[in-house]
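J.: Sequence:
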Amino acid sequence: QLLISNILAGPLIELAPTLAAHLHPGGQLVLSGLLENQAAELITTYAHHGIHLSVSDTQAGWALLSGRKDG
Numbered sequence: 032q033l034l035i036s037n038i039l040a041g042p043l044i045e046l047a048p049t050l051a052a053h054l055h056p057g058g059q060l061v062l063s064g065l066l067e068n069q070a071a072e073l074i075t076t077y078a079h080h081g082i083h084l085s086v087s088d089t090q091a092g093w094a095l096l097s098g099r100k101d102g
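So for the sequence shown, my numbering puts the first residue at 32; every next one is plus one.
It is worth saying that the hints were derived from the structure and are not from the lab. There could be a bad hint or two in this list.
[As the list claims (entries may be wrong)] For each label pair, taking beta carbons as the anchor points, the in silico distance ranges come out as:
id	residue 1	residue 2	range
1	T75	H55	19 to 25 angstroms
2	A91	Q32	28 to 34 angstroms
3	W93	P56	28 to 34 angstroms
4	A71	I38	16 to 22 angstroms
5	D88	I44	18 to 24 angstroms
6	S36	A91	16 to 22 angstroms
7	G92	I44	17 to 23 angstroms
Note that beta-carbon positions come from the ideal geometry of N, C-alpha and C, so glycine has one too.
Input sequences plus hints: build the corresponding full structure.
T.: What follows is the structure, encoded as structure tokens:
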């Protein structure tokens, strides 16, 4: 399973519980549309929901995060 979202950090934080609920264990999540300086907050937020993200790429101040849900 793969979920991809390209929206701003604020909505991504608000959607964390919903995205985590819909993502199956072992499923992959890819997030973009966030600034590099917002990546740490998103990584921490999603870790609380069992999704372990890391920065996969950065470009011109923007970041791409990807990771998997526990399970």
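J.: Could you run down the list of hints and mark each one as holding or not?
T.: The hints, checked one at a time:
Against the hinted window of 19 to 25 angstroms, the Cβ-Cβ separation of T75 and H55 comes to about 22 angstroms, which satisfies the hint. Range check, A91 to Q32: Cβ separation about 30 angstroms, and the 28 to 34 angstroms hint holds. A hinted range of 28 to 34 angstroms for the beta carbons of W93 and P56 is consistent with their spacing of about 29 angstroms. Taking 16 to 22 angstroms as the suggested C-beta distance range, the pair A71 and I38 conforms, at roughly 18 angstroms.
As the Cβ distance of D88 to I44 is approximately 20 angstroms, the hint placing it in 18 to 24 angstroms holds. Taken as a hint, the range 16 to 22 angstroms holds for the pair S36 and A91, whose Cβ atoms sit roughly 19 angstroms apart. The hinted range of 17 to 23 angstroms is satisfied by G92 and I44, whose Cβ atoms lie roughly 19 angstroms apart.
Hint violations for this structure: none, all hints satisfied.
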